[in-house]
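Colleague: Listed below, chain by chain, are the residues.
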Amino acid sequence: MAGIDVGGGHGKRPTNHEIPLIPFIDFLLCLVAFLLVTAVWSQMARINADARVPGPPQPDEPKDPPKEKQLHVEMKGEEKFKLVWKEGTTVVNTIDIDKKAVPVGDSGDMRYPDLAKKIVDEWTANGAHRAASDTKLDQAVLHTDNSTPFQDVVAVIDAIYTPKRDLTWAGKTEKVPAFNVTFSVN
Amino acid sequence: MIEKALSRFTQPIAVPGRRLLHHIPLRFVQRKVGGGGQRAVNAEIPLIPFIDFLLCIVLFLLASFSATGELPIDKSIKLPNAENVIDMTEAPMVAITGTQILVDGNPAGSTRVIEEANRLQRVEELFNILKNKRELWKQLNPAKEFPGVIILQVDRKVQALVVKSVFQTSAYAGYPNVSFMVGRLGNK
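In order, the protein sequences belong to chains R and G.
Here my numbering is used: the first residue of the first sequence is 1, the next is one more, and so on.
Here my numbering is used: the first residue of the second sequence is 1, the next is one more, and so on.
Among the hints, erroneous ones may be present.
Claimed, not checked - Listed next, the stretches of chain G that the computed footprint assigns to chain R, with coverage defined by at least 3 CB atoms under 8 Å from CB atoms of chain R:
hint, stretch
1, 52 to 58
2, 81 to 94
3, 106 to 112
Just so you know, these hints were derived from the structure itself, not from any lab.
Beta carbons are placed, not taken as given, at the ideal position from N, Cα and C, and that holds for glycine.
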């Protein structure tokens, strides 16, 4: 055990001392146990939805930019999703996809893998912002029923964020979702 | 037969001593323990490195300790899960429970009003609180650009109408960059 040896003594009361390490170790172990129990091992994350359409303002943006294609995802139907590519108010293309929900876990979460795959294909074919140096994202607009539960909305947003692309920002290149999602107010 | 009365100090149970195999001398053990000219078998447990290790763990846990964490403001909120997510950031938190709207834990409106109206509308109380928050931030950070980020903690059963109303109100109040707090699904 650790001790403090100052030598001497010479028949008087000894000045050497043993440091009580065992209680100190007990204290440390209690502290470790407490911190481990109260630690927040968070699995929380966020999924983005930007109200700035068409995306955040750019410093070198022209005053009257050309109209871009937007992907409108309609989840109002009972059996089908509808993907609509629009240029302004002009409908360019419409695709129907079956609503096949795949449950994930036992918490009631679900995924739409068919929708996600189709959105990846559509972005690969029609996406306008692909270059890593392009800081703008393609715009997706989500149309929902008023009564749709939020977990369904998140499942569809998650599917829209499936296609990824490189984005170089401040000298770093990272994978980001190819679309920026916002809600339709109608 | 008259039994001798136990005195006050007589212990009916004897203190156990060395009993087991005490008649066996075990000289080799004595030699070993005492050294006997050879290498002693006594060993010191190295406590100092152990304490150093414990201190490192304590420091790490204290550094990563978060009293508030990133837990939902309201325990009754059950968040949905998603795969394609990004890490949390520091921003004002708006929680939507079954009936209430809370900003950083303080009441900021009711969902019932929106549900009863059954149309998209601005939540005035929420709008005023967020607008004040934004102005306060600008006063405190005059040289910085306002990020406009807000995080919504929405119960998975809440109707899309309520979510869209809060989303729109946040955007009107100067928080257009809205994020939804979700659980992380999968290994991303």
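Colleague: Taking each numbered hint in turn, which are not upheld by the structure, reported in ascending numerical order?
Modeller: 3
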